[in-house]
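Starting from the given sequences, assemble the full structure and let the hints guide the process.
Residue numbers (this note's numbering), protein chains in the order written: chain A, 2 to 203; chain B, 31 to 409.
Rather than coming from a laboratory, the hints here were simulated on the basis of the structure.
Worth double-checking, as some hints may not be accurate.
As the list claims (entries may be wrong) - Which residues of chain B face chain A? A partial, calculated answer using Cβ under 10 Å:
1) V327
2) F337
3) K354
4) V357
5) I358
6) N361
7) A362
8) V367
9) E371
10) K390
11) K393
12) F395
13) M399
Glycine is no exception: its CB is placed at the ideal position from the N, C-alpha and C atoms.
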Amino acid sequence: MKNLKMKKEFKVIADLLPINTRVLDVGCGDGSLMDLLYKKKNIEVRGLELDQINVQQCIHKGLPVIQGNAETELHQFPNQSFDYVVLSQTLQAFYDPEKVLRELLRIGKSVIISIPNFGYWKVRTKLLFFGKMPVTKTLPNTWYNTPNLHMCTIKDLFSFCDEKKIKIKKVIGVNEDKTSLIKRSNLEIKNLFSKLGIFLIG
Amino acid sequence: MKSKLENIKKIIVTKPLKLDCGKTINNFPLAYETYGKLNKDKDNAILVFHALTGDQFVSGTNPVTNKEGWWVTAVGPGKAVDTNKYFVVCANVIGGCMGSLGPKDINPETKQPYGLEFPVITIRDMIRAQESLLDHLGIKKLLCATGGSMGGMQLLQFCSTFPNRCFSAIPIACSASHSAQNIALNELARQAIMADPVWDKGKYFLKDVQPKNGLAVARMVGHISYLSEKGMQEKFGRKLQEKADYEFSFNADFQVESYLRHQGYAFVERFDANSVLYITRAMDYFDLSKQFKGGLVEAFKGQKTKFLIISFSSDWLYTTKENKDIVIALNASGADVSYSEIVTDKGHDSFLLQVPDFLKTLKSFIDSMYEKFKNEKRI
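So, in structure tokens, the structure goes:
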């Protein structure tokens, strides 16, 4: 699932993280991001991953990983025990994203969340002109088999953080290989042209 | 069997060992076996802790029983724990009956076998005795230590008591403290032995006999707890043992009965009844958090060892939850910990069987730790 395009996302996340920190990667997949962070930035990484094959991949790479469900098992990590907690493109797949987000903010001093942006223009036009749920490269599933229960836009997550009084430190929009800083002043336009939104909060 | 026991490897531990019960033992034998070669840098050593009815003969052929080693599925040339690459060491626990000091040995004070005069030992006593073996072999730091069931319990205690002795550790299907259910099942095993009149308050050795019936029942209890309900149903179901219909008797009509009887009576050939009492007691007394006022998190404070905890989905003896509690404590102490739950119907026994996901995970971890260990030493 984490194809070449995702690697840009990982690069952006890696750039956001200072060296020699402690990072928890929630839903770490096969450990690609952890491997990058460990090798390039000497970051002390830990992963949480549900899928057995992915867990085996991480172990094979010598990366510490705990098999478990982020929705129900984040309680095992102590308060503020990591400098950063990373959640890549899974917030929308939880039954209770707010609860998970609260947990992430409890565990990490800062949190990095990336979301597939439902406000991206191609997504909007698909729904507008074809009247069908959008299927794109970043949203490859159809309505009946998508794991994404709570799709949102970059703008939605902005408002959510404001409403819940969560501090937004930095937001980066990603479209293919291009990245751009998203601020309140350019939010409308970036919300239209970013495939992914990467939020540094907490 | 006695003459065969004389030819196995053992050291005499001269350093006095103060047991948790207050008594001290010294100049006692500790039997062990090794597989593979210790390399020049002495960084390829893996210590295996055996379970309740195990012994030091992990792989190859057990020279005493002439049966396969108890962990041939995982340990041997080309196996997950590859003895072409690693030096594997396993010692018989004290209290056992495969050459290490146990209740069937002669008590120097009475010149008779100890029987129930043998001091009650604990998991911590077992691992303290085994530390002497590492000193004897000249191994300062193990690449890895592993063990399932009681072996995992010994390993948790070993890491807590000797925090600098393992680079990595793989406790498998175990618990940081014996649950009420664990204690109850062990009590059932002990009561079966003690209810056998041949047991005679542990003095059966005077007549050179074993309380076979009691010991066999004790083993049957164990075997039920090692399988899962589903695994048992699939393996045996209601199949009859070499007969077309019920015999209307109390012979072993069902395959599952025949299996239990076979396991029970095969066990009697190789194990000492009093050893079962002592070792199960040691397991029951095991509660790592009790040794630390702050609980289990304190037990792992400052750990540099890299852990991999493995549990099996259908294990009801040492459940996933109990294994996860260890993970949670390690996490809370800031230790480097990985965890995997292997999905299988094979119950607690899974760690001894051909369970590919398990063996693959075991191999991946050990091989990656070997690379890390070598790199760390280089820096």
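At a threshold of 10 Å, is the proposed contact between B/K393 and chain A supported by beta-carbon distances?
For B/K393, the interface hint holds, since the closest Cβ of chain A sits about 9 Å away, which is under 10 Å.
Have a go at the B/E371 hint: is there a Cβ in chain A nearer than 10 Å to its own Cβ?
5 Å, holds
Does the closest beta carbon of chain A sit nearer than 10 Å to the beta carbon of B/K354?
Nearest chain A Cβ about 8 Å off; hint holds.
Checking hints one by one. Is B/I358 an interface residue toward chain A, by the C-beta closer than 10 Å rule?
Hint on B/I358: holds, closest Cβ of chain A at ~4 Å, below 10 Å.
When the least beta-carbon distance from B/A362 to chain A is tested against 10 Å, hint result:
5 Å, holds
Hint check, B/M399 versus chain A [nearest Cβ-Cβ separation less than 10 Å]
Check passed: Cβ of B/M399 comes within 7 Å of chain A, closer than 10 Å.
Hint status (Cβ of B/K390 to nearest Cβ of chain A, threshold 10 Å):
The hint holds - B/K390 has a Cβ within 10 Å of chain A, the shortest such distance being about 6 Å.
Verify the interface restraint on B/V357: the C-beta must sit less than 10 Å from at least one C-beta of chain A.
6 Å, holds
Less than 10 Å between beta-carbons is the criterion; does B/V327 satisfy it with respect to chain A?
Holds. Min distance 9 Å.
Interface hint for B/N361, Cβ within 10 Å of any Cβ on chain A
Holds, about 5 Å.
Closest C-beta approach of B/F395 to chain A relative to 10 Å, hint status:
5 Å, holds
Agreement of hint B/V367 with chain A interface, Cβ distance less than 10 Å:
Holds, because the Cβ-Cβ distance from B/V367 to chain A comes to roughly 6 Å (cut-off 10 Å).
In this structure, every one of the numbered hints holds.
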